[in-house]
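Q: Each chain, written out:
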Amino acid sequence: MILVSLLPVVCRAYRQILLLIFPSFRQVLLPSLGLSALLLDDPLISTVKHYDLSNVQGTARGWEKDERILMCVPLRDAEVHLPMFFSHLRNFTYPHRLIDLAFLVSDSKDRTLTLLKEHLEMVQADPDPLQPFGEISVIEKDFGQKVQQDVENRHGFAAQASRRKKMAQARNWLLSSTMKPYHSWVYWRDADVETAPPTILEDLMRHNKDVIVPNVWRPLPDWLGGEQPYDLNSWQESETALALAETLDEDAVIVEGYAEYATWRPHLAYLRDPYGDPDVEMEIDGVGGVSILAKARVFRAGAHFPAFSFEKHAETEGFGKMAKRMKFSVIGLPHYTIWHLYEPSADDLKHMERMEEERLEKEAREKEEAERAKRVSESWQDKKGEWEQDKKEIQNKALQKSRERRERGERKSLEGSEQGPHAHAGEEEAEAKRGDWRSNAEANGIEAVEGA
Amino acid sequence: MARPLRRSSPITLILALVLFLGFIIFTLSPSNPVSSIPKSKIASSSSTRKSPNSPPPVIHYYLNNLTTSSDPIGNRERVLVLTPVARFYDEYWQNLLRLNYPRDLIELGFIVPKTREGNTALAKLEDAVRRVQTGSKKHRFWGVTIIRQDFDAPVPQNEKERHALSAQKERRAAMSRARNSLLYTTLGTETAWVLWLDADIIETPHTLIQDLALHDKAVIVPNCYQRYTEKGKENIRPYDFNSWHDSETALAMAKKMGSDEIILEGYHEMATYRSLMAYEMTEGGDPHMETELDGVGGTALLVKAEVHRDGAMFPPFPFYNLIETEGFAKMARRLGHQPYGLPNYLVYHYNE
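Protein chains in written order, with the numbering used here: chain A, 1 to 452; chain B, 1001 to 1352.
Since the hints were derived computationally from the structure, they do not count as laboratory data. Using N, Cα and C, we set each Cβ at its ideal position, and we do this for glycine too. Incorrect hints may appear among the rest.
Below, computed lysine-lysine pairings styled on PhoX-like, alpha-carbon distance capped at 20 Å [to be verified]:
hint	chain 1	residue 1	chain 2	residue 2
1	B	Lys1169	B	Lys1255
2	A	Lys350	A	Lys367
3	A	Lys180	A	Lys49
4	B	Lys1256	A	Lys327
5	A	Lys374	A	Lys362
6	B	Lys1137	A	Lys49
7	B	Lys1124	B	Lys1114
8	B	Lys1114	A	Lys49
9	B	Lys1256	B	Lys1169
10	B	Lys1124	A	Lys49
11	A	Lys117	B	Lys1169
12	A	Lys180	A	Lys350
Covered by chain A, per the in silico footprint, the following chain B stretches (three or more residues, Cβ under 8 Å) [what the hints assert, rightly or not]:
hint	stretch
13	1056-1068
14	1130-1141
15	1170-1181
16	1185-1198
17	1315-1324
Just chain A, with the same shape it has in the complex:
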């Protein structure tokens, strides 16, 4: 009887032990606890996830609060840029485990995809525990890009609108497929950035703005001035541009940096002072896409890269406009500069070709001249020989004379060198000879030699 009455107690004790050993039996053993309002993931129900968006607002010091960044990189035929891109990636000082990488490879004809995956596998398998990144998604999606990506086509005015719309579409696909409720920030970065501080994420984040971009310049060959503003898509709106927008039809897209649309907007790029304070902020309306740090809540609220003409703008410029429209802060840093890779444009290439031709021409000319000079000096050598003979004769004569003089008890010094017809002795004869030499040299083109 005692045993029977003890049974429930023992059973309960045993249930506790069982729970310790098999936590997965909890659903069977325990009635619902009614903690639902706590918004906690039940570790036993893997298919149900809870997120409180208040926890992913993004703050100025995200790295201290484990804020996750989604880094989005759109790629097309970018094989050559990947090694450089990954060297930047590895150098990021923001904790790598907090960075989720998302790539969209579209319409690529080169080995971008293969190479990208190789690089990613390598960094994830890195023995240094600080190197591997968070979740990595490589998305392959073609949009049927008809416009070719070479520099001339890419920057040609006519191709801009449709190119930018396609580009916007790619960006939206990338973001909408990979952004998760645990992301606090989204960082957009082009693969062809050549130089950027490894602390760029923290540097931009510190400003605690909804959308923020650095200034983007590019280095140039010396003959083009050494450097140049690159990204003209970060600008402040102007009255002229607004008036211009009024006159355009619904689907028109204003693109910056083309004579066709003179907008007179203040561009972030042109306001750079190399010695200026890198923390200086400037309100902007359009943003360039080379390097954008935005709070994820901007995208969650619906801001995206319009693949249609939104207030006469598309893609990143349209994104800036839309974020502004939704009352988010959009900021550019005029004196914080990153450097885009210099790819010579078609004009530059032509110019460089011309320069190369000129160089070859010049070389050929120099060679010819050198030969001519050689010929000249050879003929000079002949004259010199004559001279030497003459000199000797003169000297002999002079010696004879001096001997005669010495005989007469007189002394006279003699001067002259190998280098030139500079004998002072026997000047009359020498003068006559020099005249002869000059006419000779002129015949050989001495002026050309002097000119060279």
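Starting from the known structure of chain A, arrange chain B on it as the hints suggest.
A: Positioned in the frame of chain A, the structure of chain B alone reads:
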């Protein structure tokens, strides 16, 4: 040998036996499996994760293989059902459970505001979700995401205030933000369709998803009605007026308006003379009759995921003087996706 056996109580023996069995099961059962990447036509991973602590693998998504077709079940197309929750109605949940689209192809997403009402709704929702997701495996949904909203809803959501014209812009802007927040955090790489289903839709045909998908349209919306009883007689009446064909009057009105004003449907102050799908229903008409729409309502709405991926969202600001779902229809059209409506295919709204 016999004596000690007699001395020990049977309970000790049983305990020993059960403990021994438990030990055997424990040692033989596999350790916690590392979440593996499901093999599908969309996703693949070349490396596998060796332990939960090793870095995540590189996952390759072939979005060129993603289809949205008129045969979503045959093509195993994933549907994301999204519901902004202000109140939880059991009828909504029961209706959702009655949908006969394969559950392993359905993901659910909910967004709940941080209000007292929201808390209550959340508790009920959690309970309902838990019951399904711990039930038999084949009846579980593929995944459920529950999101707490990060901003406050501007106006209390009671029927009278909700429909006051002055409050509409603010309310619908907040609604847009909630919808977008939900959409862009739950839309995954493998999502083919998005079904927007409001928390107060309590009755739909069980084949809702298949029926709408069958039309293979970028955006398609059924007609939203409401059941009511008048003098003891059951009847139905139109409920959602946001699905419409544009009118010259409305377009002219928009032209005169400032860019920050919105046109709303169903207010006497604002006669738009748009033709509303709500009034185009004919008793006994073909439920599969289609009509092109310029504005859509969001009470029940099937959208191809690519439309949202292209960027069509619910504008939380006046977009062509339109907001929320109506603005969405306009944006979809700007992106080249034409919305359609089914005037004779009815879904029913809760009657407050």
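Q: Determine for every hint whether it applies to the structure shown.
A: Hint check results:
no.: 1; hint: B:Lys1169 <-> B:Lys1255; in the structure: holds, 18 Å
no.: 2; hint: A:Lys350 <-> A:Lys367; in the structure: violated, 25 Å
no.: 3; hint: A:Lys180 <-> A:Lys49; in the structure: holds, 11 Å
no.: 4; hint: B:Lys1256 <-> A:Lys327; in the structure: violated, 24 Å
no.: 5; hint: A:Lys374 <-> A:Lys362; in the structure: holds, 18 Å
no.: 6; hint: B:Lys1137 <-> A:Lys49; in the structure: holds, 17 Å
no.: 7; hint: B:Lys1124 <-> B:Lys1114; in the structure: holds, 15 Å
no.: 8; hint: B:Lys1114 <-> A:Lys49; in the structure: holds, 17 Å
no.: 9; hint: B:Lys1256 <-> B:Lys1169; in the structure: holds, 18 Å
no.: 10; hint: B:Lys1124 <-> A:Lys49; in the structure: holds, 16 Å
no.: 11; hint: A:Lys117 <-> B:Lys1169; in the structure: violated, 47 Å
no.: 12; hint: A:Lys180 <-> A:Lys350; in the structure: violated, 47 Å
no.: 13; hint: 1056-1068; in the structure: holds (count 9)
no.: 14; hint: 1130-1141; in the structure: holds (count 5)
no.: 15; hint: 1170-1181; in the structure: holds (count 4)
no.: 16; hint: 1185-1198; in the structure: holds (count 5)
no.: 17; hint: 1315-1324; in the structure: holds (count 3)
In summary, the structure is inconsistent with hints 2, 4, 11 and 12 from the numbered list given earlier, while agreeing with the others.
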